[in-house]
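Chemist: Sequence:
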Amino acid sequence: MDLAKHNPAEIWIAARSAPNAQSVINTIESTSPTVCVKFLKLDLTSFDSIRNAATTFLSTASRLDILILNAGVMNVPAGSVTQEGYEMHFGTNHVGHALFVKLLVPILQTTASGSNVGGGKADVRVVFVSSVAHKYPPSGGLQFDSFNPNGRSKSLSANALYGQSKLANLLYAREMAKRYPQWTTVSIHPGTVKTDLQKSTDGSLLIRAFQKVVVPLIGVEVEEGARSQLWAATADGVENGEYYEPVGVAGNGSAFAKDDSLALKLWDWTQKEIENVDIGV
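Counting in full-length UniProt numbering, the sequence shown runs from 1 upward without gaps.
Simulated from the structure, these hints should not be mistaken for laboratory data. Check before you lean on any hint, since a few could be wrong.
Quick list of the computed label-pair ranges, beta carbon to beta carbon [claimed, not checked]:
1. Asp48 with Asn7: 28 to 38 angstroms
2. Thr34 with Asp145: 44 to 54 angstroms
3. Lys154 with Thr31: 41 to 51 angstroms
4. Pro33 with Ala78: 44 to 54 angstroms
5. Thr34 with Thr234: 12 to 22 angstroms
6. Ala78 with Asp236: 39 to 49 angstroms
Virtual Cβ for every residue (Gly too), placed ideally from N, Cα, C.
Turn these sequences into a full structure, and let the hints guide you.
Modeler: Now the structure itself:
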C-alpha cells in the first residue's frame, strides 16, 4: 500500500488465489484509487503456471521497474513435491522464483536500458525475500541431492529444508547481481512477520512452539514487515548483490551466504533445470 502512494503506473499482484489477491487489490484501491492494480495468476509449484503468468505479463505490460519475489512455503509435510518433482520448499521458494525471473529478464533489460517516467535513467530493482533462516541450512549449506526428495537424506528436517531454500534465494540474488549489473538485485530478511507462512504443519516441536507462542508476541504485522522490501525496492544507496536485514542493515549474512563458489554452483544447477522453459514453448 505504501508503494501505491507513490502513484506507479501499474501494480501487479501475483498469487495462486484470485479471491485472496482481490482482497489485497481492494485494499490498495481504497487508499490509492488512481492506481491501476492487476491480478496475475501464478503458482510457483508449476512450470506451466509460471510460464503462463510470464506470458500474460509480457503481453500486457510495457515495463517492469520493481520485481519483488516474496512467495514462499514453510514446514510443509515430508514428501511434498512440486509438479516437476522438486522438494516442495526448494521447488517453490527457489526454483519457481528463478524460472519466473528468468522469463522476465527481457522486459527487465528493456526497462533498465531506458528512462523512468520522470525522464531520468531507469532504476530497476529485483528483490528476493530471503530470511534469517538462511543461517540454519543443512550441513554444507546446500545439499544438492535433497532438491529432489527421492535423493535426500530422511534426516533433513523441514526447518533445514526451509533454511536451505532461503539460503538459495540469497545466493541466487548475489550471482544474478554479477550477471545483470544493468539493474540492482538484492535479498532481504523481512523480520519476524505474522503471516500464514507461520502456520507450520511439519516443523519440530520447538519450532512449532516458537510459531504458536513467540511469533504472536514479537512478530510484526504484514504492513510493518513490508518495510524492508519497500526500502530495498526504492531507497537510495542499495548495493547490488547485498543481503539486508531490517531495515537496510547489511553484512549479516552467514559464511555460506558469502560463498561465491556455492553461489556459482547453485546458479549453474538452476540454469540447467530451467533452460528448456521459455515463453511460447
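Chemist: Could you run down the list of hints and mark each one as holding or not?
Modeler: Against the structure, the hints come out as follows:
1. As the Cβ distance of aspartate 48 to asparagine 7 is approximately 35 angstroms, the hint placing it in 28 to 38 angstroms holds.
2. For the pair threonine 34 and aspartate 145, the beta carbons lie near 51 angstroms from each other, so the given range of 44 to 54 angstroms is met.
3. A hinted range of 41 to 51 angstroms for the beta carbons of lysine 154 and threonine 31 is consistent with their spacing of about 48 angstroms.
4. Between proline 33 and alanine 78 the Cβ separation comes to about 46 angstroms, which falls inside the hinted range of 44 to 54 angstroms.
5. As the Cβ distance of threonine 34 to threonine 234 is approximately 19 angstroms, the hint placing it in 12 to 22 angstroms holds.
6. For alanine 78 and aspartate 236, the Cβ-Cβ distance of about 45 angstroms falls inside the hinted range of 39 to 49 angstroms, so the restraint holds.
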